[in-house]
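Number of protein chains: 2
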Amino acid sequence: MENIISSLFNIKYPIIQGGMVWCSGYKLAAAVSNAGGLGLLGAGSMYPEILREQIRKTKAATQLPFGVNIPLLYPDLNDIMKIIMDEGIEIVFTSAGNPKTWTKTLQQNGATVVHVVANTKFALKCEEAGVNAIVAEGFEAGGHNGREETTTLALIPQIRKATQMPLMAAGGIATGSAMLAAMVLGADGVQIGTRFVASEESSAHENFKNVVIQATEGSTFLALKKLVPVRLLRNKFASEIEVAELRGAQTDELELLLGKARAKLGMYEGNMTEGELEIGQVAALIDSVKPAAEIINEIMNEYRLAKSEIVGNKYDI
Amino acid sequence: MENIISSLFNIKYPIIQGGMVWCSGYKLAAAVSNAGGLGLLGAGSMYPEILREQIRKTKAATQLPFGVNIPLLYPDLNDIMKIIMDEGIEIVFTSAGNPKTWTKTLQQNGATVVHVVANTKFALKCEEAGVNAIVAEGFEAGGHNGREETTTLALIPQIRKATQMPLMAAGGIATGSAMLAAMVLGADGVQIGTRFVASEESSAHENFKNVVIQATEGSTFLALKKLVPVRLLRNKFASEIEVAELRGAQTDELELLLGKARAKLGMYEGNMTEGELEIGQVAALIDSVKPAAEIINEIMNEYRLAKSEIVGNKYDI
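In order, the protein sequence lines correspond to chains A and B. Every letter in the first sequence is one number past the one before it in our numbering, and letter 285, counting from 1, is 285. Every letter in the second sequence is one number past the one before it in our numbering, and letter 43, counting from 1, is 43.
Derived by calculation from the structure, the hints in this document are not laboratory data. Among the hints, erroneous ones may be present.
All copies of an identical chain are treated as equivalent in the list; a pair is satisfied when it fits inside any one copy or across any two copies.
[Said to hold, decoys possible] Capping the alpha-carbon separation at 30 Å, the derived lysine-lysine pairs in BS3-like fashion look like this:
hint: 1; residue 1: LYS125; residue 2: LYS290
hint: 2; residue 1: LYS264; residue 2: LYS59
hint: 3; residue 1: LYS121; residue 2: LYS290
hint: 4; residue 1: LYS12; residue 2: LYS260
hint: 5; residue 1: LYS125; residue 2: LYS225
hint: 6; residue 1: LYS104; residue 2: LYS236
hint: 7; residue 1: LYS82; residue 2: LYS225
hint: 8; residue 1: LYS121; residue 2: LYS225
Only a predicted model underlies this, so the values are computations on that prediction, with no experimental measurement involved.
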């Protein structure tokens, strides 16, 4: 029996590397695809011409399938979509917007389209829009996040109950046992972000990788709920946001505090005090930076071990 | 191979019914124990003499093991503990306080002691205190909740990495597949609250049971973080709290808004607008009120089905 996600993307393992701003350029995407997963370029932090260059570099670095992730709120979205189609990208992950606006166009251009959701309502909108598969992302995930705050454990069974679409679970998954748990809950595969931030090929700044592997429980929190909720690593900037929120700061003040280009400053340029550092809760479980291929091997070995313990009698009751 | 939680409590299935305020009296505890799980009386909402009466009624209604849950912040804690020991209660779940204060005393009196935690730091304190087992409860759980907001999926592997103590997972678990997922993540058993609120034997008011089964994603949120974080079902009262929090209300104002006896008013007396309704995110997955024995049977059937799908080749990759 072939895994539905592996078949859909023509990959070996149903492990998707999340397309993250400032962390997932061609080196990471190509390394993940070469190791049997699906690498994604995170176009959300790329100017259109940078994306074109990154796509070409990925093509040169892997013969295997890879994709592009693009938030539909991207300001020059038409330019980005034109490049995605010009370059013949066969797998597009969209997020943060209405799945109806681009799905058909991309599919007519030959692409498989996946949309990222955080609730059942949007999962059903994806089905209506004819999306090929969905990623359902829980509250523990890094970066932008759903307003309902539904955790992956609560979300996946809910979505599986509502739709039979191919489903990848995201948020809180960094190991093979978490991958198996997600599949037991109803997912067909997983999307992993945080663990790949702490990979050798990630374009995250060395300083950011170092704080990610030092993170512990409670090192992240969901900030900026009055703007767009985002899970941040605690640092000076994040604490300023938190203090302002606790005293009831409203959107205008929060926007001013956030300013511009904070994510680049932190994650890409390595400013650990003033930068915005987006990462998932599961950073607490990660303690070293490894090559992407080793991460995938480890996850698959853990997955097989966890599975064999069930096939054995460890969980007989 | 016998399950470590089943052995510890001398029960059939490693399913613990959470000891919840206003919902878990003797009818529910006895029904769960009679069905092969572990029923707990929720002493947090009982005057000492009521607890004594409930213990005696439980003893009359089941020959099987049951326990008492008591939050260590209970105002007349000495009186409650005296009754627990006088009545020879053999299983005590403590929560919301320091596990060192009562563990030895209870154990010297013949009790097995379990403490509820929401982070690894407290799990290790439990180990130091000589607690017999722990419950690790994630952000999605109903009622009082950890400040780190770590979800069950992120929390269980973290705790399992830190300690080999017998471990029950709580928060977000209402089905047999979620139970298996929790065990794949490292738990030895599960504690289930929300699903038993919506049981025939639960002492929750009919009105409360009805809103629980009508709940959908986003129906709950984590409120009162400036006091003690608590997951509430949205209603008029909860919205007033939320609005106050969004404009930065501080502890004194929130305490005033909360007032006294709101939980009883809502959960026990059935006032759905002014009452405090504590429930977990997984309420969204529950759509009917059933006898506790049927709930346990369903969970075990789902568990075995999920397990057999893994033993088969559904998850071969």
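Verification of the supplied hints:
no. : hint              : in the structure
1   : LYS125 <-> LYS290 : neither (38 Å within a copy, 32 Å between copies)
2   : LYS264 <-> LYS59  : within (25 Å within a copy, 63 Å between copies)
3   : LYS121 <-> LYS290 : between (37 Å within a copy, 27 Å between copies)
4   : LYS12 <-> LYS260  : neither (39 Å within a copy, 58 Å between copies)
5   : LYS125 <-> LYS225 : within (23 Å within a copy, 33 Å between copies)
6   : LYS104 <-> LYS236 : neither (43 Å within a copy, 42 Å between copies)
7   : LYS82 <-> LYS225  : neither (32 Å within a copy, 46 Å between copies)
8   : LYS121 <-> LYS225 : both (20 Å within a copy, 28 Å between copies)
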